[in-house]
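> In the order they appear, the protein sequences are chains A and B. Residue numbering for the first sequence follows the numbering used here, starting at 1 and increasing by one per position. Residue numbering for the second sequence follows the numbering used here, starting at 1 and increasing by one per position.
These aren't lab readings, by the way, just hints derived from the structure by calculation. Please read all numbers here as calculations on a predicted model, not as lab measurements. Certain hints may be false.
As a list, the in silico EDC-like pairs of lysine to aspartate or glutamate whose alpha-carbon atoms are at most 20 Å apart [stated by the list, open to error]:
| hint | chain 1 | residue 1 | chain 2 | residue 2 |
| --- | --- | --- | --- | --- |
| 1 | B | Lys122 | A | Asp308 |
| 2 | A | Lys311 | B | Asp120 |
| 3 | B | Lys459 | B | Glu427 |
Stretch by stretch, here's where chain A covers chain B in the computed footprint (C-beta under 8 Å, at least three residues) [unchecked claim]:
| hint | stretch |
| --- | --- |
| 4 | 74-87 |
| 5 | 439-450 |
Distance ranges between label pairs, derived from CB positions [said to hold, decoys possible]:
| hint | chain 1 | residue 1 | chain 2 | residue 2 | range |
| --- | --- | --- | --- | --- | --- |
| 6 | B | Gly389 | A | Asn133 | 19 to 29 Å |
| 7 | A | Ser428 | B | Ala176 | 28 to 38 Å |
| 8 | A | Gly25 | B | Asn219 | 47 to 57 Å |
| 9 | A | Asp337 | B | Glu456 | 46 to 56 Å |
| 10 | A | Gly25 | B | Gln305 | 23 to 33 Å |
Glycine residues also receive a C-beta, built at the ideal position from the N, C-alpha and C atoms.
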Amino acid sequence: MRTLLTLLLAAGAYAAPPSKIFPYGYDLHDFPNGLRLITIPTDFPNIVSFYTVVSVGSRHEVESGKSGFAHFFEHCMFRGTKRFPPQKWEAVMKAAGAANNAYTSDDLTVYHATFDKAGLESIIDLEADRFQNLEYSENAFRTEALAVNGEYNKNSTEPANQLEEKLRDTAYDRHTYKHTTMGFLADIKDMPNQYEYSKQFFNRFYRPENTTLVIVGDVDQKQVRSMVEKYWGPWKKGAVKPQIPVEPPQTAERKGHVDWPTPTLPWMMIGYKVPAFTENMRDSAALDLIASLALGQNSPLYKKLVIDEQKNDVLQGGYQNHADPYMFIVYSRVKNDADMPAVQDAIISTLNGFKDTLVDAKRLEAVKSNLRYSFALGLDNSEAIAENLANYIALTRTPETLNQVYDLYASLTPEDLREVARKYFVASGRTVATLAHKKEAK
Amino acid sequence: MRALVLLFSALALQAMELVTLPGQSPIINFRFVFRCGSLNDLKGKEGTAALTAAMLARGGSQSTPYSDIIEKFYPMAASVGDQTDQEMLTISGVTHVDNLEAYYSTLRDMLLKPGWRPEDLKRLRDDQLTSLRVSLRQQNDEELGKEVLYNILLGTAHPNGTVSSLEKLTLADLQAFYKQHLTQANLTIALAGKYPEGFAERVKKDFSQLPAGKPSAVNPPAPKPIPQTRVTIVKKQTRAVAFSLGFPIPVNRSHPDFPALLVANTWFGPHRSSAGNLYQRMREIRGLNYGDYSYIEYFPRGMFQFEPDPNLARRQQIFQMWIRPVEPQTAHFTLRLALHELERLVEKGLTESDFEDTRSFLSRGVNLLLKTKANELGYRIDSQFYSIGEYPEYIRNAVAKLTVEDVNKAVKKHLRKDRLEIVAVAEDAEALQKALLSDAPSPMTYNSPKLADILEEDKLVSTRKLGLKPAQVRIVPVDRFFQ
């Protein structure tokens, strides 16, 4: 690998950024209550990004009828405390010139604010307060449920959202990945009636052991640590481990279809069951490389379907880091209904090809280079640094994971990729979900 | 005064400009911003500017087909992007400094020696058609409502053109546009990062191969007066009802009242922020939808991002309220509430404390807009367009001098509660039309008790008369737009 890069350099081709992919020094500190703090000083002046990463997501929605709850609960976190009712909370954020928001996914919920450094202590205090003392009325709760319904409504015109719902529902029988983070509409409609459950959800899962603070920007590590200790130190541990059902192995190919009522280009999602990120990091790294080789813009399949034959206008996908086994998914939007079978065949036979043919070493190096430069180019401000870390932090609670993953990329050989392809690109682990416009459908 | 401002900004740039932000970052950002755009599209050839930009950024050069360009850029993870608006056409690029030479030589050829291949045209035309036919008309009722509002208020086409014009565009049309408008007279080149000494000058020299040309800036068409409020209900199959409403304003960043109006708007409906008055009254207290915001500058794709993209500078702006989709049974009430809040803004303005809080927020928050170098470059170019200073400094200095009276005076002068253009996107357009014309009460019921003052306000709002006559409420099938 090193020799190859030197040769390429001599030929005037691309070089790679420094060997440790995450270029920033950081302070990682565990408090006695289980809270973890990661402070990353950067040279981007004046601005601080404060990310509270809770390793709780829609994966935790184990009870029936509760799909979408983790995301709904994220909304509840903005409904205030005794000390900082919502308007006062907004006023503190506003005084710091902060842009703040939150998002939820399968395995995580992230609360983030980016602001002028002068506001650091007031925001650490503010956030510590809501994670410890959240208190909202049933009335406020019921109103918030309507806003979530509004979110579902605004998302409902996008066919890819509905198709993802179909793909998961078809591919999974027991695990909570069966539903999307948004949840099923029937459960969303019932949310206003779940006030008591919401308090349980908070008590069970919103605990320091599940939470990592990532503070990035124009900050002093010592000062940050003492501020966090002061305001977050008293938070009581006591997280409950959810009993997440184990998905039985899939034994045959599955298919699902959505009739879409309005004009759209047809969509296809092809998912293969793959291991959890932390279960086998080497395999997941290999699947990342295969995704780029198979579906990246410079891949033969992309060239064929998007550039030359122009059958597709969207072709992307890959492995997505998850806490439990999820899917390697190919997303494909096709211009004509009639081309769907041919496109499906082309995608499946491309992935199968990795089982028989060793990938070209030069192409593999190009992909490794792409991944490293993509990462480096993404670190152009403090918020982006925190954002890039959030998914890894939710799963492993350390930025070191990033270095490990990129070291794995560097070490993988064409033989490794072939072995991983043979393991996972099997028909019995496949689910194909399609969506197309059907005029008479309602 | 306004005419003078317009004239000045139209003449501001006549020769190629260079904006540089040298620094220590290994990330090298390029922006090539041309002062031309969809306002320069010929009648019947709408979409030319955007398709030309796409051919440059997402097509091959004379020497290299697009698939080979992708192959070249892939190991570098480098990219080229394009954005076309009414008055600006932007090609942006980013690469790691390690790959600067290889990247730049390819980018330069893409822009200076475009390949004009028919297969690129076919692919990119398809993409642009899909953006109108599928993405805009069918899959995003919120963006649809906004763009229809702009279309009606300004009489201008969507920057991506129309379906019928795109279908007819030829390579010769794009080449003619390129030759006439992508000239030195219209170009600002902007660079940031740790590029080597002399590099910026080299880029400038390379781009002096472009024709000298003349400034392409044409005055945006004067908006037609709105004698009375009008409602357009865009009919399409959908679960909910989305609203966008507003009117043209004579204020853009170069106008002396811009900072005052920005303060007012930042209090009333800041983008995707829970701190805004509209958001609080409509979503937070009443749970009508997912959010409600207002704008004094063009902000496309707002549902996908929190900060506006730079280089969408326009001389003609509108005041716009974005009401996210609501359940059909609350649509009539929602519209009444939005108008009620607008009326309160216009009549009562901001309180002293609203003003102070918002001013303090803006003074600090404005820095966040420039958190990336790409944005910093973009804002500099926009500031040239509007003939103002550096944006954050300009805003900080201007708002420091304002009083609450200045802000409320600007609100009264430029905003209004009537003579509005209202766009709704709904499936049962007929029911909404009937409800609006009936002016019957639209009482609101909630799933939880509300405070007495809210219920009192609801009584007022639910019986608010819109006074619309049949000629003022039309239903238009979605396929008529952008056709």
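> Look at each hint and say if it fits the structure.
Status of each hint after checking the structure:
no.	hint	in the structure
1	B/Lys122 - A/Asp308	10 Å, holds
2	A/Lys311 - B/Asp120	14 Å, holds
3	B/Lys459 - B/Glu427	27 Å, violated
4	74-87	holds (count 5)
5	439-450	holds (count 5)
6	B/Gly389 - A/Asn133: 19 to 29 Å	44 Å, violated
7	A/Ser428 - B/Ala176: 28 to 38 Å	57 Å, violated
8	A/Gly25 - B/Asn219: 47 to 57 Å	54 Å, holds
9	A/Asp337 - B/Glu456: 46 to 56 Å	55 Å, holds
10	A/Gly25 - B/Gln305: 23 to 33 Å	31 Å, holds
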